[in-house]
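**Q** All chains should be built: construct the whole structure from the sequences, respecting the hints.
Now for the letters of each chain:
There are 2 protein chains.
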Amino acid sequence: MPDVIPEDSVGLVQPQTIHFDEPLQLSCGRTLNQYDLVVETYGSLNADASNAILICHALSGNHHIAGYHNMEDAKPGWWDSAVGPGKVIDTNHFFVIGLNNLGGCHGSTGPNQISPETGQPYGPDFPIVTVDDWVESQARLADHFGIQQFAAIIGGSLGGMQALQWSINYPERLRHCMVIAAAPRLSAQNIAFNEVARQAITQDTQFHNGHYYAQDTVPRVGLMLARMLGHITYLSDDGMRNKFGREMRSGKLNFDFTPQFEVESYLRYQGERFSTAFDANTYLLMTKALDYFDPASRYNHDLVAALKKAQAKFMVISFTSDWRFAPERSREIVDALVAADKPVSYAEIDAHQGHDAFLLPIPRYLDVFAAYMERVKADTPIHNTLAEEG
Amino acid sequence: MPDVIPEDSVGLVQPQTIHFDEPLQLSCGRTLNQYDLVVETYGSLNADASNAILICHALSGNHHIAGYHNMEDAKPGWWDSAVGPGKVIDTNHFFVIGLNNLGGCHGSTGPNQISPETGQPYGPDFPIVTVDDWVESQARLADHFGIQQFAAIIGGSLGGMQALQWSINYPERLRHCMVIAAAPRLSAQNIAFNEVARQAITQDTQFHNGHYYAQDTVPRVGLMLARMLGHITYLSDDGMRNKFGREMRSGKLNFDFTPQFEVESYLRYQGERFSTAFDANTYLLMTKALDYFDPASRYNHDLVAALKKAQAKFMVISFTSDWRFAPERSREIVDALVAADKPVSYAEIDAHQGHDAFLLPIPRYLDVFAAYMERVKADTPIHNTLAEEG
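Quick note, the sequences are listed as chains B and A, same order.
Just so you know, the working numbering puts 77 at position 77 of the first sequence, and the rest follows in order with no gaps.
In the working numbering, each number is its position in the second sequence, counted from 1, plus 390.
Think of the hints as simulated: they come from the structure by calculation, not from any bench.
Just so you know, even glycine gets a beta-carbon here, dropped at the ideal spot from N, CA and C.
Careful, some of the hints might be misleading.
To be verified - Simulated restraints, written as ranges between beta carbons of each label pair: (1) A:Arg-631 <-> B:Leu-360: 52 to 60 Å; (2) A:Thr-607 <-> B:Ala-305: 47 to 55 Å; (3) B:His-211 <-> A:Asn-644: 41 to 49 Å; (4) A:Thr-666 <-> B:Phe-145: 53 to 61 Å; (5) A:Asn-644 <-> B:Tyr-299: 19 to 27 Å; (6) B:Glu-328 <-> A:Cys-418: 38 to 46 Å; (7) B:Ala-277 <-> A:Thr-595: 19 to 27 Å.
Stated by the list, open to error - Computed cross-link-like contacts, DSS-like style, restricted to lysine-lysine with a CA-CA straight-line distance of at most 27 Å: (8) B:Lys-308 <-> B:Lys-342; (9) B:Lys-377 <-> B:Lys-308; (10) A:Lys-699 <-> A:Lys-732; (11) A:Lys-699 <-> B:Lys-252; (12) B:Lys-342 <-> B:Lys-377; (13) B:Lys-252 <-> A:Lys-698; (14) A:Lys-465 <-> A:Lys-633; (15) B:Lys-342 <-> B:Lys-309; (16) A:Lys-642 <-> B:Lys-308; (17) A:Lys-732 <-> A:Lys-767; (18) B:Lys-309 <-> A:Lys-642; (19) A:Lys-633 <-> A:Lys-699.
**A** Set out below in structure tokens:
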């Protein structure tokens, strides 16, 4: 808990729930007649609504990006290191929006929310949503705020995929697109890891075909396994070596199956904590959205063709030790953007933290990020006005 | 099933069970008063027992290395591509021994076998065995056959670790040591993957604390998940891309949780097949033997010091795309051997198949292997005698 809210924090923040009545046609063919999105915003929207930044979340993220909900919070939002007054995403200049995506489990319409049609949790009947669907729902969220064009749309991992899809689906609605630690589509290995996680959840005896809410239980073991496995793929081999090595909890071999090495107890702890904090049906949906993401698929599998209509300027960032979405995968995006004749900057950050690096305050990363944000500011009318006034 | 047994096959083979009465003191402090080892042999032991090769198996391997058990066998033994008359491990020259290690589930004393003391399966009461314990039991197996010194001890992965440990524990009992796709100890990431597999098994509701035999069930889901996960780590990202890409079974997205991509159905099939063919308690033991392997630990964590007393000549082989035990890990062994002033050859084979490559008939691999085996032959008295006679 913060004894004192730090000066560069957005401070105490409150989520808001925004209701949408216009039916949303989904990629799967089904329609959501109405839905809620839970949102947090930081900073102030300027008069011409030109200083808005949308931050899209990754697999287990949500709307709570920065600041604290109350003085008892143990931790701030998930990207507090990057978002705040004077930080790289500077809330003194920008109006920042974070949301919980459709299908999420933190208040937006999703499996753990009550369906107005049945009066029961959606559960496994919640449709499989795609990155396209999220972009569509986020565009309506922009309409709600009167934002015609974002100064930037930013995301890491699955969040970066949403940013990239925005640049294709709504080319005129963002000036900058920042795609961090992402890939233009999942590899067979990525899909394989997701499938192990899904099998762990769906074959858990407490899953009850997704109707576990009614049984007052959760597929705790399945979700724990999914998270343990996911966690390994978020860290690098080197990073784990640095963090845990072969350190043993008791200093010697136990010759039993209790946690022996530090890395085992760390993973169990992380898995167990997640297993009761996150919704299993949402986890399934998020992994499917990842598997299905493939913006080139509608363009004869030609990513260059898919990106031809983009109008944003792009910043792509990758991390050397990220093996979930390795730098090669980011370079596929960069190469396609170059071939499509789009303005793109690319930085490969030397970091041993693996995929997790995108969330961490790595100095070189924040420096590069901040430098690019200066360009975003320069392209933001309000900023220019202020600069001229100053 | 083989219509005709190929000419370069060892043909129809039969395992034999060898009983040992002398108590075996284990690393954990417990003692096995008696035990069986199931063994297959190929070729003929010469008069002075100088032409014997021991092949040690990996995590899910066993004694059935080459040939067929009957004409209905769908597949030959697990390393049939390398072992046979005229093959790289040439049974015209060598007497080859394969065994199922202690704790295994293919007939050697292990969790699924009846304890003579209780009349019940050992189950979870079977002690955690180590690579040291296996080497000791294999040394007694050598005694049984009257083999004072092996021409070579060969193994891949966990099998390579046994070969390496032999060179330290019984330096005078092997002339050549071939360590393929192995590592001098597991990394934190390796241990982490093993721990996810163990959690999947032990938290399966059908595990019954390891006493599932009495319940006439098996922890099918847990073992399936362990195998699916293991399988991903045996293949490379590139190899999976080549093999599966993003090919879809139906040609289009289903928007449900049935297997969508080829890689999903492949993994499920492999996992399900394994889940009823292998013993869960054995899987747990094998992963612990992997985690605990660390020959340097008794030498103040100095691998060079550990290898000082070795007398064998070494051949170390790694594969470029192996990320379970990457070439860097093999080079740690090579570097330590060089520093310890031991004769060592090293080959890094360009292969996209990942860790699995060590089992596959990759031409460059077999060529390098065969070239080294000529040196083993040259160091084998019987071969020299035959050559002089001819």
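**Q** Run every hint past the structure and note whether it holds.
**A** Hints versus structure:
Remark: the range hint 52 to 60 Å for Arg-631 of chain A to Leu-360 of chain B is contradicted by a beta-carbon distance near 29 Å. The hint said 47 to 55 Å for the Cβ distance between Thr-607 of chain A and Ala-305 of chain B, and at roughly 53 Å that hint holds. Taking the beta carbon of each, His-211 of chain B and Asn-644 of chain A are about 21 Å apart, not inside 41 to 49 Å as hinted. Remark: the range hint 53 to 61 Å for Thr-666 of chain A to Phe-145 of chain B is upheld by a beta-carbon distance near 56 Å.
Judged by the Cβ atoms, the range 19 to 27 Å given for Asn-644 of chain A and Tyr-299 of chain B holds: they are separated by roughly 22 Å. Restraint check, Glu-328 of chain B to Cys-418 of chain A: a C-beta distance of roughly 44 Å satisfies the suggested window 38 to 46 Å. At roughly 22 Å, the beta carbons of Ala-277 of chain B and Thr-595 of chain A sit within the given window of 19 to 27 Å. A distance of roughly 8 Å separates the Cα atoms of Lys-308 of chain B and Lys-342 of chain B; the hinted pair therefore holds under the 27 Å criterion.
For the given pair, Lys-377 of chain B sits about 25 Å from Lys-308 of chain B by alpha-carbon distance, which is consistent with the 27 Å threshold. With a C-alpha separation of about 9 Å, the suggested pairing of Lys-699 of chain A with Lys-732 of chain A holds against the 27 Å cut-off. For the hint pairing Lys-699 of chain A with Lys-252 of chain B, the CA-to-CA distance comes to about 25 Å; that is within 27 Å, so the pair holds. At roughly 20 Å between alpha-carbon atoms, Lys-342 of chain B and Lys-377 of chain B fall within 27 Å of each other, so this suggested pair holds.
Taking the CA atoms of Lys-252 of chain B and Lys-698 of chain A, the gap is about 24 Å. The hint holds against a cut of 27 Å. The hinted pair formed by Lys-465 of chain A and Lys-633 of chain A meets the criterion: a straight-line CA distance of about 21 Å does not exceed 27 Å. For the proposed pair Lys-342 of chain B and Lys-309 of chain B, the alpha carbon gap of about 9 Å is at most 27 Å, so the pair holds. Taking the CA atoms of Lys-642 of chain A and Lys-308 of chain B, the gap is about 24 Å. The hint holds against a cut of 27 Å.
Of the supplied pair hints, the one linking Lys-732 of chain A and Lys-767 of chain A holds, its CA atoms being roughly 20 Å apart against a limit of 27 Å. Under the criterion of a C-alpha separation no larger than 27 Å, the hint pairing Lys-309 of chain B with Lys-642 of chain A is consistent with the structure, at around 25 Å. Pair hint Lys-633 of chain A plus Lys-699 of chain A does not hold up; C-alpha atoms about 44 Å apart against a cutoff of 27 Å.
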